[in-house]
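Build the full structure now, drawing on both the sequences and the hints.
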Amino acid sequence: MSAVVLGLFAASVLYPLIYVLSASFSSPDAITSGQMWLWPVDVTTRAYETVFEYQTIVTGFVNSAIYTVGGTAFAVSLTLLAAYPLSRKDLPARNVIMVFFVIPMVFSGGMIPTYLVVRELGMLNTRWALIIPGVVAVWNVIITRTFFQITIPNELLDAAHMDGCSDFRFFLRIVLPLSKPIIAVNALFYGVAQWNSWFNALIYLTNDQLFPLQLVLRQILIQNTVDPSQVQAIAEGNTKEDIRDLLKYAVIVIASLPPLLAYPFVQKQFVRGVRIGSLKG
Amino acid sequence: MTSRRVLRRWQLYAMLVLPVAYLAIFNYWPMIGIQIAFRSYNPAGGMWGSPWVGVANFETFMNSYLFWPVIKNTLVLHFYALVATFPLPIILALALNYVKRRWFSRVVQMITYAPHFIPTVVVVGILFAILDPNSGIYVLALEKLGVPVPDFLSDPLWFRHVYVWSGAWQTMGFSAIVYLAALAGIDPELHEAATVDGASRIRRVWHIDLPGIAPVAIILLILSMGSTLSTGFEKVLLMQNALNLDSSQVIDTYVYQVGLGSQVPQFSYGAAIGVFQSVVGLVLIVAANRIARWMTDSSLW
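Residue numbers (the working numbering), protein chains in the order written: chain A, 95 to 375; chain B, 1197 to 1497.
Mixed in with the good hints there might be a few duds.
[Said to hold, decoys possible] No farther apart than 30 Å at their CA atoms in a straight line, the calculated lysine-lysine pairs in the BS3-like style are these:
id	chain 1	residue 1	chain 2	residue 2
1	A	K334	A	K274
2	A	K334	B	K1340
3	B	K1431	A	K334
4	B	K1296	B	K1431
[To be verified] Partial list, computed: chain A residues near chain B (C-beta under 10 Å):
id	residue
5	F103
6	A104
7	V156
8	A159
9	L180
10	Y209
11	L215
12	G216
No lab work stands behind these hints, which were simulated from the structure alone. Every residue gets a Cβ at the ideal spot worked out from N, C-alpha and C, and that includes glycine.
Listed below in structure tokens is the structure:
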């Protein structure tokens, strides 16, 4: 009984993914005519070759990599710096500071005031607009704080204090090396969110040289705009629709690969992180 | 005394300086910036110096012919999503919990978590590809079966179904994690005792598992009530087009449209509509909490 239910769940989730993957290796004709429905038909890698010629996609990929690495490093650092002091029972006025951190989980300024603040800071149309605003999540601070409370024994801290070890040193030498799992969880949380985000780019950027991959994808997949001049060899004798049909499945695969590849490696820790957050949050 | 304690722990405060400054700039400053909703924004005055107009922006929205349609779309879309997708992760978690072969359970978890990691733009891109009226595989399959095929992507009615069920596809695996954790916390002796007494599997699910995960389920339901208005906005915006606007224009997309998406951005008006959304969200979460406390013993506060 349960096996049948699980089979149904798995199949319904998996089918569209297999279809897209197969389509990216099939000829556009086989797809539009409906011949291709599970495994690739007329196997070809032309779609992928075209994607790598398409300069806007390549630029977008590089930009996304910059934003993901930069934004993740920034967000993880700030999260650790906030979570450790908050995990310490001997932090004076801890509850007041905690309230300061929790309020933004409930209330926010909303889209327009946030946009205006980023504009006031002069970040519009710069890479900073995608690396700094809106990347740190209080939820992660709380999960990380809980992790510290569970895993760093008080005796260790007492002993370190006795030996005259400062809080900075204790954090750098003892706490961080013991916290690799939670650092990995944070990096994955933030990294996936950064790679997948597009809305901030839509409102903060107008210079298309700075566009992340997701915004380029939106143009191709959703707004149906392609620029045939970028793929001269293929553009000959083909309409814009032909080029888009050729490109679309391959870009879907390429854009989903980084987060999907990252996740099996950290899956166990990721799931553990979600559980810590849900049970002790 | 206190000041000496603070002094001794100054390094902890030093660590907090950056995060606190970050929240102050990017979370608290915009919160104060909400005052723009009570002004009439002009470029010369900017965010802090434009003339005050009181609640005029709110009145404009409440008197607008779009007021009720937008509120209705927001509530219908999100309640539909809430009700339709709520049971799926619970069913999935129960099935995962009872399956005998561990490898099979692990494979299914692997597969059902995957969509959580796929970018929203890509999810909508996949929807547009498989539901394309001319070449989408789902459309072609239905045509082959001789079923009249609606225009999934531009019919206002179908917009809701496509949005909600693709959302279920994206989230059910990942949402099941929390329920799996709750199921793992149930005392195995309860199950042993019930089995000895001859209880069937269905009866054990009903009398042991479901009551066991109910507190978690209720808290998640309340939490999602509060966030329900703001989640999914990006996907709605991506799926929106001129033809399905009748059901796809929700508060958030309307804020975007008047405030940032148009040639003549109306910052003050947009911000006022945004405030409206927060108020509705707050009312929903308080109401949900009341109902939960009234019907059961679990509540958020």
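(request) Hold the hint about L215 of chain A up to the distance rule: shortest CB distance to chain B must be less than 10 Å. (result) holds (8 Å)
(message) Less than 10 Å between beta-carbons is the criterion; does L180 of chain A satisfy it with respect to chain B?
(response) holds (8 Å)
(request) Would you check whether A104 of chain A satisfies its interface hint, that is, whether its CB is within less than 10 Å of any CB in chain B? (result) holds (5 Å)
(request) Please work out if K334 of chain A and K274 of chain A have their alpha carbons no farther apart than 30 Å. (result) Outside the cut-off at roughly 48 Å; violated.
(message) Please verify whether K334 of chain A and K1340 of chain B have alpha carbons no more than 30 Å apart.
(response) At roughly 28 Å apart (the allowed maximum being 30 Å), K1340 of chain B and K334 of chain A satisfy the hint.
(request) Answer holds if the nearest beta-carbon of chain B is closer than 10 Å to that of F103 of chain A; otherwise answer violated. (result) Holds, because the Cβ-Cβ distance from F103 of chain A to chain B comes to roughly 6 Å (cut-off 10 Å).
(message) So if I understand the rule, the pair passes when the alpha-carbon distance is 30 Å or less; does K1296 of chain B with K1431 of chain B pass?
(response) violated (37 Å)
(request) Would you check whether A159 of chain A satisfies its interface hint, that is, whether its CB is within less than 10 Å of any CB in chain B? (result) For A159 of chain A, the interface hint is violated, since the closest Cβ of chain B sits about 14 Å away, which is over 10 Å.
(request) Verify the interface restraint on Y209 of chain A: the C-beta must sit less than 10 Å from at least one C-beta of chain B. (result) The hint holds - Y209 of chain A has a Cβ within 10 Å of chain B, the shortest such distance being about 6 Å.
(message) Holds or violated: the hint that G216 of chain A contacts chain B, with Cβ atoms closer than 10 Å.
(response) Violated, because the Cβ-Cβ distance from G216 of chain A to chain B comes to roughly 13 Å (cut-off 10 Å).
(message) For K1431 of chain B and K334 of chain A, compute the direct alpha-carbon distance and say whether it is at most 30 Å.
(response) holds (25 Å)
(message) For the restraint on V156 of chain A, tell me whether the closest CB of chain B is nearer than 10 Å.
(response) At about 17 Å, which exceeds the 10 Å cut-off, the nearest Cβ of chain B leaves the hint on V156 of chain A violated.
Comparing the model with each earlier hint shows violations of hints 1, 4, 7, 8, 12; every other hint is respected.
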